[in-house]
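Undergrad: Each chain, letter by letter, is given below.
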Amino acid sequence: MNDNTLLKLEDLVLYFKTSRGEVQAVDHVNLELHKNKAVVILGESGCGKSSMAKAILRLLPRNVGQYHGKVLLEDFDVMSLSDEEFRRQVRWVKMSMVPQAAMNALNPVLRAGEQVAEPAMIHLGMDKEEALDLARQMFENVGVPVDFLTRYPFELSGGMRQRVAIAMALITKPQLIVLDEPTSALDLLTQANIMNVLKTIKWETGTSYILITHDIATSSELADEVAVMYAGQIVEINDAESFFQEPLHPYSQRLMASVPRLYGDEEPDFIPGRPPSLLNPPTGCRFADRCHLRFDKCDEEPPTFIVDGHPVKCWLYEKNHQAVESAATGTGDAS
Amino acid sequence: MTTDVQANPAANPAVDESTPLIEVKDLHVWFELKKWGFSHVGWVRAVDNVNFQLKHGEAIAIVGESGCGKSSLMKTLLLLNRPHKGQVIYEGKDISNLKGKDLKWYRSQVGYVQQDPYGALPPFMPVHRILSEPLVINGVKNKKEREERIRQAMEEVALTPVDDFLNKYPHMLSGGQQQRVVIARAMILEPKLLVADEPVSMLDASVRVEILRLLRKLQEQHNLSVMYITHDLSTVRFFSERIFVMYAGKLVEQTHIEKLLNNPLHPYTVALLTGTSVPDASNAKHLKHVPPGEPPSLVNPPTGCRFHPRCEHFISGKCDVQEPPHLEPLPGHIVNCWLYEDGRTSYPKVASE
Numbered sequence: 009m010n011d012n013t014l015l016k017l018e019d020l021v022l023y024f025k026t027s028r029g030e031v032q033a034v035d036h037v038n039l040e041l042h043k044n045k046a047v048v049i050l051g052e053s054g055c056g057k058s059s060m061a062k063a064i065l066r067l068l069p070r071n072v073g074q075y076h077g078k079v080l081l082e083d084f085d086v087m088s089l090s091d092e093e094f095r096r097q098v099r100w101v102k103m104s105m106v107p108q109a110a111m112n113a114l115n116p117v118l119r120a121g122e123q124v125a126e127p128a129m130i131h132l133g134m135d136k137e138e139a140l141d142l143a144r145q146m147f148e149n150v151g152v153p154v155d156f157l158t159r160y161p162f163e164l165s166g167g168m169r170q171r172v173a174i175a176m177a178l179i180t181k182p183q184l185i186v187l188d189e190p191t192s193a194l195d196l197l198t199q200a201n202i203m204n205v206l207k208t209i210k211w212e213t214g215t216s217y218i219l220i221t222h223d224i225a226t227s228s229e230l231a232d233e234v235a236v237m238y239a240g241q242i243v244e245i246n247d248a249e250s251f252f253q254e255p256l257h258p259y260s261q262r263l264m265a266s267v268p269r270l271y272g273d274e275e276p277d278f279i280p281g282r283p284p285s286l287l288n289p290p291t292g293c294r295f296a297d298r299c300h301l302r303f304d305k306c307d308e309e310p311p312t313f314i315v316d317g318h319p320v321k322c323w324l325y326e327k328n329h330q331a332v333e334s335a336a337t338g339t340g341d342a343s
Numbered sequence: 054m055t056t057d058v059q060a061n062p063a064a065n066p067a068v069d070e071s072t073p074l075i076e077v078k079d080l081h082v083w084f085e086l087k088k089w090g091f092s093h094v095g096w097v098r099a100v101d102n103v104n105f106q107l108k109h110g111e112a113i114a115i116v117g118e119s120g121c122g123k124s125s126l127m128k129t130l131l132l133l134n135r136p137h138k139g140q141v142i143y144e145g146k147d148i149s150n151l152k153g154k155d156l157k158w159y160r161s162q163v164g165y166v167q168q169d170p171y172g173a174l175p176p177f178m179p180v181h182r183i184l185s186e187p188l189v190i191n192g193v194k195n196k197k198e199r200e201e202r203i204r205q206a207m208e209e210v211a212l213t214p215v216d217d218f219l220n221k222y223p224h225m226l227s228g229g230q231q232q233r234v235v236i237a238r239a240m241i242l243e244p245k246l247l248v249a250d251e252p253v254s255m256l257d258a259s260v261r262v263e264i265l266r267l268l269r270k271l272q273e274q275h276n277l278s279v280m281y282i283t284h285d286l287s288t289v290r291f292f293s294e295r296i297f298v299m300y301a302g303k304l305v306e307q308t309h310i311e312k313l314l315n316n317p318l319h320p321y322t323v324a325l326l327t328g329t330s331v332p333d334a335s336n337a338k339h340l341k342h343v344p345p346g347e348p349p350s351l352v353n354p355p356t357g358c359r360f361h362p363r364c365e366h367f368i369s370g371k372c373d374v375q376e377p378p379h380l381e382p383l384p385g386h387i388v389n390c391w392l393y394e395d396g397r398t399s400y401p402k403v404a405s406e
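From first to last, the protein sequence lines stand for chains A and B. Counting with our numbering, you get residues 9 to 343 for the letters of the first sequence. Counting with our numbering, you get residues 54 to 406 for the letters of the second sequence.
For reference, chain B alone in the conformation it holds in the complex:
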């Protein structure tokens, strides 16, 4: 790795707003399964052939169930996992194999908001120390500057009055406040990318929206790029423009959120949308139409389309044999499904209903 990665990337003439911030090419994240600790017995294909670009200031949501590989994908962006194959390109530079100082620099460019705020905060550190840690590690030696940046970050996440919170330990804060500390910590190095892993799923309904709004505000103010990972479709539209639906290690549908909500194409997306409840008393009167079964094991994923064993539009001899192509039945609406091979542009109604 050349040394110029370490330098301030704003000074890098090759980088401008048109270069995507993150580009993921042919990404495979596989984990090796070993027997007795050394002999190879197989791979867990957590992320399989994923491609996308994330622009400056853009928010993308990745939706999928647990075990679909969304966390593995996210951890690869944070370089907590290394790609098995393929590349992660950050502002035009391949970062898949960064080490040492370069790695440290890259991590200062990426903020991470964890799912469970209480688990993510060290219980024995007061807020002040939690927030100064990243600054110390990244070489902000001037104490006064550190204090200033901590205050600024806390004000930005509305942990005010700042003095009331500086000396509190995580257990003295409510869930929403803990999550604000986590966000402040992620933001304190002024990253360009924020990775938020189910940032509101552990919080009470009444504060979820507050945290989502805060994240959106930060995104707009700092022109941040955000990867928002969730299983809850109903929170996505208040946050991001594009949405990727992930199933069993693959992206199955990629489009703008409104297009997805109004015209979902992939059978799995349709199932997710039907499965999402809206508060309505009539829900109690009928059963939900949900696909049977559970997501497959990623050690031996089904051949062909990975959703085919649960799909009601399963085409025998095709879906179970050949991997579905990357189709774009409508402009800007990408789906990996054989149903759309013949130019169909909407999801077929199910005859039985």
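One chain only, chain A, in its complex shape:
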């Protein structure tokens, strides 16, 4: 781990208990995020990407079956903290979150300004006046007119509400913001505007992002690195440059090929089949059933191979590359 690392996940596991067994939503995830970088978690619905965000911020539902692994924030394992300590020292202080459908995540009976100011009062110990002043600043940063401070959420458009939610995540000046599908419910031009806001914030304040999305095209607006998630596991981590040109994992390749493009003759393709159930995931590679490059070995679960410095979970890369068992064995220098 070098000084530049902000967050490192080591073998993070989050399983949910259900009446039919354990759902392996996040299964031994390893990920590293550097300061002032944005990593995109790409995946289809149900692949565990939102659960991963919840696991990082410890916003867990009641039916947690297993929850372990390491979440290293600047070399300190925040998993060792108690829930109360985590709330006081980490959540919204060091990392905050813009929840999915943030437009509906706002409290309908509180004015926008008060909601944005609240984290500053709780976590920074400000009084209301100061916090509202800070909220005003945040509103300017995210491009909401300051007279909207006194409006209620229902008086704001979807794009404005999303900006308010971002302002709320920003107000405590965290080092890391987890964005869960921040633009998926928004219109095209609003989406582009929000992406511009997020970019500007990143450049100006040095914040890092974890952007969770299924929208490949929009994700490229922010990505420094891309982690592709499939059926609870990360199957590829790659830098944006290489990923958008030549993704490594067959799933990533198919996913990229499914994006309709504005220009060019290439007709998009789809991926037949559907992801496996996370109750009883296959013992082999989880993508094997849908994979166009499947061969015999795919019935065994592939370890992570390092290809040109990028971890990939696919047997195709076995030949010339050494496998990394897991971060726990100490070969986690993926960067």
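Think of the hints as simulated: they come from the structure by calculation, not from any bench. Accuracy of the hints is not assured; some may be wrong.
[Unchecked claim] Straight-line Cα separation of at most 27 Å, DSSO-like style, residue types lysine-lysine; simulated pairs:
hint : chain 1 : residue 1 : chain 2 : residue 2
1    : B       : Lys341    : A       : Lys207
2    : B       : Lys221    : A       : Lys43
3    : A       : Lys210    : B       : Lys341
4    : B       : Lys402    : A       : Lys207
5    : B       : Lys87     : A       : Lys102
6    : B       : Lys108    : B       : Lys152
7    : B       : Lys108    : B       : Lys87
8    : B       : Lys245    : B       : Lys157
9    : B       : Lys341    : A       : Lys181
10   : B       : Lys154    : B       : Lys221
11   : A       : Lys210    : B       : Lys338
12   : B       : Lys221    : A       : Lys25
13   : B       : Lys87     : B       : Lys154
14   : B       : Lys270    : B       : Lys108
15   : A       : Lys207    : B       : Lys78
16   : B       : Lys152    : B       : Lys87
17   : A       : Lys181    : B       : Lys338
18   : B       : Lys152    : B       : Lys78
With the hints as your guide, set chain B onto chain A.
TA: This is chain B only, laid out in the frame that chain A set:
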């Protein structure tokens, strides 16, 4: 309404392939705003003066952001809304005021594919019942015939093997399969027009293309006319020939999709095209050039051109005063914008860039 509307329209001698399937003339869909439930305070002008023709077997895409009136327009075609002014003509007959049996007949001619498949399917009905409902309602009394048509429809949307799906409830299906059920339901009465309202926006990227291809296949096989409503320009070209761009209740540009992509004319279309991302790592390095602000309220839309407050080519004293004319700077390429008044044929470059 005369009774012959009810009869099989194929027997209607006045109808042939050259008559447009749907003709929309001077259509206004306005919703009244009331205070205390009765006193009139204004109108929401969701669709304002829209004219177009849809031919047999033609697919038209309507692109615009939410609140631009595209759904109101679509619902008017389904006669879920009534026009405030103007006409919707179906195979030469004005259908704006159909009632009772005529209305039921018209609706059997139009299939509707909803945006959110899970929301559109009744959760307590198995697939079999969902598909037999339209047949029962429209008087297919023979049970054997119903079974046959259900099987046929399911095979057509590739819900196979049919027996595996017949008794499943919507929650047991994946998003893509649910959308197939919705499409099968829309197709089961063999309509002539299919209205698809953002049929893939709720689906995962990996299945979107599959559904779009299915719709295209159906369109070709049945010579269907399709109204495809979307906000995503990049899916349009794999589906339809003509495209209408809608902004704040008005059609601002109408042309063929390739012409639109290669030579967009209206400033709003240009903004939409710039706003559409393509996966490319270099996107992260610069800001997107997008117009500031948000679409206007349709209660008090801006005077003149409705896009003028956000437009970078705004001509003071003209765009904000007079409504832009219906211009055709290139053959088959219609745009409502003052920029093209003097015979210009391409979008002017912005000096600041």
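Undergrad: Now, for every hint given, state plainly whether the structure supports it.
TA: Verification of the hints:
1. About 10 Å separates the Cα atoms of Lys341(B) and Lys207(A), which keeps this hinted pair within 27 Å; it holds.
2. This hinted pair does not check out: Lys221(B) and Lys43(A) have alpha carbons roughly 49 Å apart, beyond 27 Å.
3. Of the supplied pair hints, the one linking Lys210(A) and Lys341(B) holds, its CA atoms being roughly 15 Å apart against a limit of 27 Å.
4. With a C-alpha separation of about 25 Å, the suggested pairing of Lys402(B) with Lys207(A) holds against the 27 Å cut-off.
5. Restraint check for Lys87(B) and Lys102(A): not satisfied, since their Cα atoms lie roughly 49 Å apart, outside the 27 Å limit.
6. A C-alpha spacing of about 25 Å is found between Lys108(B) and Lys152(B), which places the hinted pair at or below 27 Å, so the restraint holds.
7. Annotation: proposed proximity of Lys108(B) to Lys87(B) is violated, straight-line Cα distance about 38 Å (limit 27 Å).
8. Between the alpha carbons of Lys245(B) and Lys157(B) the distance comes to roughly 15 Å, so the proposed pair stays at or under 27 Å and holds.
9. Taking the CA atoms of Lys341(B) and Lys181(A), the gap is near 25 Å; set against the 27 Å cutoff, the hint holds.
10. With a C-alpha separation of about 32 Å, the suggested pairing of Lys154(B) with Lys221(B) is violated against the 27 Å cut-off.
11. With a CA separation close to 11 Å, the supplied pair Lys210(A) and Lys338(B) stays within the 27 Å bound.
12. At most 27 Å may separate the alpha-carbon atoms for a hinted pair to count; Lys221(B) and Lys25(A) meet this at roughly 25 Å.
13. For the hint linking Lys87(B) to Lys154(B), the alpha-carbon distance of about 31 Å lies beyond 27 Å, and the restraint is violated.
14. This hinted pair checks out: Lys270(B) and Lys108(B) have alpha carbons roughly 18 Å apart, not beyond 27 Å.
15. A threshold of 27 Å between alpha carbons decides the hint, and for Lys207(A) with Lys78(B) the separation of about 45 Å lies outside it, so the pair is violated.
16. Only pairs whose Cα atoms come within 27 Å are accepted, and Lys152(B) paired with Lys87(B) is accepted, the gap being roughly 26 Å.
17. At most 27 Å may separate the alpha-carbon atoms for a hinted pair to count; Lys181(A) and Lys338(B) meet this at roughly 23 Å.
18. Between Lys152(B) and Lys78(B), the direct Cα distance comes to roughly 20 Å. Compliance with the 27 Å bound is thereby established for this hinted pair.
Consistency with the previously given hints fails for numbers 2, 5, 7, 10, 13, 15, ordered from lowest to highest.
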